[in-house]
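Chains as they are written, first to last, in this note's numbering: chain A, -10 to 376; chain B, 16 to 270.
These aren't lab readings, by the way, just hints derived from the structure by calculation.
Only a predicted model underlies this, so the values are computations on that prediction, with no experimental measurement involved.
Yeah, the Cβ is synthetic: ideal placement off N, Cα and C, and Gly gets one too.
Worth double-checking, as some hints may not be accurate.
No more than 25 Å apart at the CA atoms, straight line, and that leaves these computed lysine to any residue pairs for SDA-like [as the list claims (entries may be wrong)]:
{"hint": "1", "chain 1": "B", "residue 1": "LYS270", "chain 2": "A", "residue 2": "GLU296"}
{"hint": "2", "chain 1": "A", "residue 1": "LYS357", "chain 2": "A", "residue 2": "GLU113"}
{"hint": "3", "chain 1": "B", "residue 1": "LYS270", "chain 2": "A", "residue 2": "GLU113"}
Simulated restraints on C-beta separations [as the list claims (entries may be wrong)]:
{"hint": "4", "chain 1": "B", "residue 1": "GLU247", "chain 2": "A", "residue 2": "LEU110", "range": "49 to 59 Å"}
{"hint": "5", "chain 1": "A", "residue 1": "ARG60", "chain 2": "B", "residue 2": "ILE150", "range": "51 to 61 Å"}
{"hint": "6", "chain 1": "B", "residue 1": "LEU121", "chain 2": "A", "residue 2": "PRO42", "range": "33 to 43 Å"}
{"hint": "7", "chain 1": "B", "residue 1": "ARG179", "chain 2": "A", "residue 2": "THR18", "range": "25 to 35 Å"}
{"hint": "8", "chain 1": "A", "residue 1": "ASP201", "chain 2": "B", "residue 2": "SER36", "range": "56 to 66 Å"}
{"hint": "9", "chain 1": "B", "residue 1": "LEU121", "chain 2": "A", "residue 2": "GLY15", "range": "47 to 57 Å"}
{"hint": "10", "chain 1": "A", "residue 1": "TYR198", "chain 2": "B", "residue 2": "GLU247", "range": "47 to 57 Å"}
{"hint": "11", "chain 1": "B", "residue 1": "ILE177", "chain 2": "A", "residue 2": "ASP358", "range": "50 to 60 Å"}
Interface residues of chain B toward chain A, partial, derived using beta-carbon atoms under 7 Å [what the hints assert, rightly or not]:
{"hint": "12", "residue": "ARG101"}
{"hint": "13", "residue": "LEU153"}
{"hint": "14", "residue": "LEU266"}
{"hint": "15", "residue": "PHE268"}
{"hint": "16", "residue": "LEU269"}
{"hint": "17", "residue": "LYS270"}
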Amino acid sequence: MVEIYSNLVAGEFIVPPFQELGPLIGARTAGDVEKALVAERIDVDLFAALLSPEAEPYLPIMAQRAGELTRRRFGRVIQLYAPLYLSNYCGNRCAYCGFSAENVIDRRVLSLEEAEQEANLLAERGFQHILLVSGEAPGRLAVDYLAQLARRLHHRFASIAIEVQPLSEPDYAQLFLAGITSVAVYQETYDVEVYPKVHLAGPKQDYRYRLDTPARVARAGMREIGIGALLGLSDWRLEGLALGMHLAWLRHRFWRTAFTVSFPRIRPSAGGFAPMTWVGERQLAQLIFALRIFDPDVGLVLSTREEARFRDGMIGMGPTRYSAGSCTAPGGYSDPEQTGEQFAIGDLRTLDEVCLAIRAKGYDPVRKDWDPVFQQHAGGEVSRQYK
Amino acid sequence: MLSIADRTFRSRLLVGTGKFSSSAMMVAAIEASASEIVTVALRRIDLEDPGDDIMSMLSRDRYLFLPNTSGARDADEAVRLARMARASGGGEWLKLEVTPDPRTLLPDPVETLKATEILAAEGFKVMPYMNADPILALRLQDVGAVAVMPLGAPIGTNLGMITRFQIEIIIEQARVPVIVDAGLGAPSHAAEAMEIGADAVLVNTAIAVAGDPVRMARAFAMAVEAGRDAFESGLGRKQIEAVASSPTTGLDFLK
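Extracted from the complex, chain B is given alone in its bound form (with noise of 0.2 Å):
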């Protein structure tokens, strides 16, 4: 089971809701998905408007919704976004993300790390988004993070785990989950991020503009899962070499 703060998942598949041809084909895939996490931009939905096409598709019941600050450019703006989501009942979950490089929608780190601390000390359960940085991780960590989400790659390239050593090295050292986020554009990466320790993964781009969303969200289910198995089984990972059979270190000086 994949725990953040309080709360206990069966899926570790996070999926977004953007980018897809219809509602209804978003609908179909996240159920096909059978992810419990929902990420959804703030920028895009009227939390006040119980008709907004994508609040009144998706359950509260059955999901966890995770609003973005999908657009912020600075600490302030993510904060005045996740108050205002907060204020019109969207909870006190927030994937926060500000990119203010609209170019490569690159995480800011400073910002990123001033939000972090005011929202979690207002309440919220903060899940930020954020280049693999461990130490980074870490001080998000230390400032109230519920869950860290480094990206595997810049979103929406596809290259999937090129930050791998470095999500190592977080995934070794983080006391909250770490969810690998972007870039995860193949089943495959995504059951590499779960081979390696990742708690979760967080993917849209690559079901959403799939020829077949649908079948897409089920294999990207499957990988996450059998990448999550393989780590739990103890995966023998990075052999570095054999046993040597005839060391040649000389221990005749113990008595």
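Next up, chain A with everything else stripped away, as it sits in the complex (with noise of 0.2 Å):
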């Protein structure tokens, strides 16, 4: 038994303040840096150094090792998806989202039969990995509609993942039962101050009930989970080391699920909201390379948020996954006019031309990694055995 940090292994997972992990990462050295960078396993402590200003000049090695750790474990390949936006509705008053309740925007639920034919053209294109996304409004996109459309598409993907507002166990093992494999639930900040100064509104507004989530789904026997925090709200040290930290915290927890990070920066959005804090390519670039050396196994997230010149740049160091050719407003695929998007996307490529760059790069763009045929479970039974 390792405490990775001290209260890891407790009951639930707490997030240390703010106010504490700054010490935590003020107190680094250089030599803790190159200590992590040739160690074969780093803590919390060692985590924090790669996260620290102590790291910027060694930000070449950390590449090096980050790239090194990410081919032994997966490869050289880079997984791909797309994002399948259902609804734009939300109850929620986020400052940073452009489908926050009070942006003037289209809105629009789609229908099943809309929603399948978006997944349609997905496929078409190529796509065997989807992402459901939607806002948080329940009385217009509920569990029901979830579990009816993944039952209605998982026959023809590899697998059905969803972006939706935080659900209780029993919801996800019944959209486990459907056909979803993984959840991704985003804290978007793990800085309890800054948390409610930009969730005005709505139930999104409970912190620890969203940071329970990963617990929750993992509980009801999904296959993988993706965290991440939204990166312009908090200072992106302490968010990186608190993401950190929960991943451990979850991995200690949960060993038969498999996790995934991702690293959004804020992008324009209706409402126009302007980061709090800046976060520049070498910030992002330090905390993926700084998380992918804490934890060799995690699935490393790059959206189309970024560039195609930064995606292109991070081939080899440390993602392992890419959506391409994505569009964020409900219906979109269909019909490119459609407005009411989520955000600006910064990589407009078609999926055809990201696999060429993956390809470029001396990498295997992998479009099907995983088979419905898992989701088939005999007795429709949940195992609840192994928590």
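Join the two chains, each given in its own frame, into one complex according to the hints.
Listed below in structure tokens is the structure:
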């Protein structure tokens, strides 16, 4: 038993206050960074060193180490997926999000038929992994809708993931049976002081319920959980440290679950929100390298929020999963004129173009890395034996 | 401090009571080991007899008695032994051993998991002896084991930490203490187990059959402390290469 951080093994995940995390990073030296770069495994203290300003001169070495670890664990491959936006109705007021309730945008929820048509288009374009996304409006898009849609789609896709509002454990269990394999739920910010300042109304104001969501997902038997922090709300170094601690805690509790991490940076959107803290590409790269070195086995997602130049450059340095050809407005694949998007895309290339770029880097763009046969549950019972 | 379930211990060395040349030698060696947890084979003792040679010579105030099910071939036998021991005042602590092969005495993973689940549900504090299999360690932890006891090498072989890499994974993943049991033939083996982060080690044969068991017990005690200190002081372990001074990785694409 290794105590990676004193409260990691405790009953529920406790986010240390950011005032406590600050000194943890501030106390790290260049010697700690060098230690982290040659160790086979690093603990939270050395992870903090890699996130610290002391690590900045070592960025190329971090990139090299992150690349080695990624190749060793995942090989020379990048897995591809596409988001499918189902609805942009939302009962939350979140300062940074285009779907925020007070924004005046074209609101729409796709019918099951429309959603299926969008999915068919993605399948025709060559996508095997899709991520169903919606705002939080259970009255318009409930769990039943997701379950019905998953049942309609799951024989056509290698895997179906969701990124919707936090649900209950039985809801997740129901969706798992319907054919959904993974759930993404980002804390947005782990900073308890900033969280209420950007979540101004709606159920998303409940920090704790959101924080406990990955544990509910895991208990319900889902294969994979995506966690993440929205960069631009609080200090990215502390955000990264809290994210890594959350990941380590989840790993210790739920050893049967696979994890991925995303690092969305705030993009321009309706509402005109300006990031509260600045996170540049060098900072984002440092965070990605540090997290890869901290957890060599975690999947790292880099979405089309980032520009093509950055995404191409990062191939082979840590990320394992890219979206491509994305549209963030519901119905946007069938109708390119569709407005009401969540945020502006940074990489506008098609799937084929992204695949070419991945190949040019000596990596294999993998379109299928799962199979619906895994989701054909014999008895329909979710195993709750191993929590 | 070593914490197992609700108890804490200063010593991270657990010792056995078998194979000594005499009860007096056993007591002297255990004292020299500074151990606070002693394991004793249920088949060797009579819990209901206050004059039992092992039980009467070691104070229960000073030592936690950890009865073991040595000899059990399957879960049924182990469970029966454990229940019998508790009914006779043996307490709820239990070192679970299920070893169907009398030649190697290797633990049976399937029966061990079964017995752990049953006994943990009955309130026993089960510490299963197991092969160094990381998934089995997680499964045992999931069904309620309060510690796991992977073997460094087959019992009695004195081979040391031949399962080191597996045990490292177990240590990294476990939420319960990891106690390396069996195969540790020399103090350096015990130190190695402690250096990689094991919470404790259990040694019996190497002490009991030494020319001078008392000095050997002390040697193991020092090795366990040395290994733990090294682990806690942040051993510069497994350095895979020096930090490259002029990496070739291009980051020119970053704005």
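(message) Run the distance test for LYS270 of chain B versus GLU296 of chain A: straight-line Cα separation, threshold 25 Å.
(response) holds (11 Å)
(message) Holds or violated: LYS357 of chain A and GLU113 of chain A, Cα atoms, limit 25 Å.
(response) Roughly 14 Å between the alpha carbons, so the hint for LYS357 of chain A and GLU113 of chain A holds.
(message) I want to verify a distance hint. Is the separation of the beta carbons of LEU121 of chain B and PRO42 of chain A within 33 to 43 Å?
(response) Distance hint for LEU121 of chain B, PRO42 of chain A is violated at roughly 52 Å.
(request) So, LEU266 of chain B near chain A? Judge it on the closest CB pair being under 7 Å. (result) At about 6 Å, which falls below the 7 Å cut-off, the nearest Cβ of chain A leaves the hint on LEU266 of chain B intact, so it holds.
(request) Closer than 7 Å between Cβ atoms is the bar; does LEU269 of chain B clear it against chain A? Give me holds or violated. (result) Since the shortest Cβ distance to chain A is 5 Å, the answer is holds.
(request) Would you settle whether the hint for LYS270 of chain B is holds or violated, based on the nearest Cβ-Cβ distance to chain A being less than 7 Å? (result) Since chain A brings a Cβ to about 5 Å from LYS270 of chain B, closer than 7 Å, the hint holds.
(message) A range of 47 to 57 Å was offered for this pair. Does it hold for the Cβ distance of TYR198 of chain A and GLU247 of chain B?
(response) violated (37 Å)
(request) Could you say whether the range 50 to 60 Å given as a hint is met by the Cβ separation of ILE177 of chain B and ASP358 of chain A? (result) violated (36 Å)
(request) Just tell me: holds or violated, for the beta carbon distance of ARG179 of chain B and THR18 of chain A against 25 to 35 Å? (result) For THR18 of chain A against ARG179 of chain B, whose Cβ atoms are near 30 Å apart, the range 25 to 35 Å holds.
(request) For the hint on ARG101 of chain B, just tell me whether its beta-carbon gets within less than 7 Å of chain A. (result) violated (26 Å)
(request) Confirm or reject the claim that ARG60 of chain A and ILE150 of chain B have a C-beta distance inside 51 to 61 Å. (result) Once the Cβ atoms are compared, 25 Å apart, the range 51 to 61 Å for ILE150 of chain B and ARG60 of chain A is violated.
(message) Checking one constraint from the list: CA of LYS270 of chain B to CA of GLU113 of chain A, max 25 Å. Satisfied?
(response) violated (35 Å)
Of the numbered hints stated above, those contradicted by the structure are hints 3, 5, 6, 10, 11, 12, listed in ascending order.
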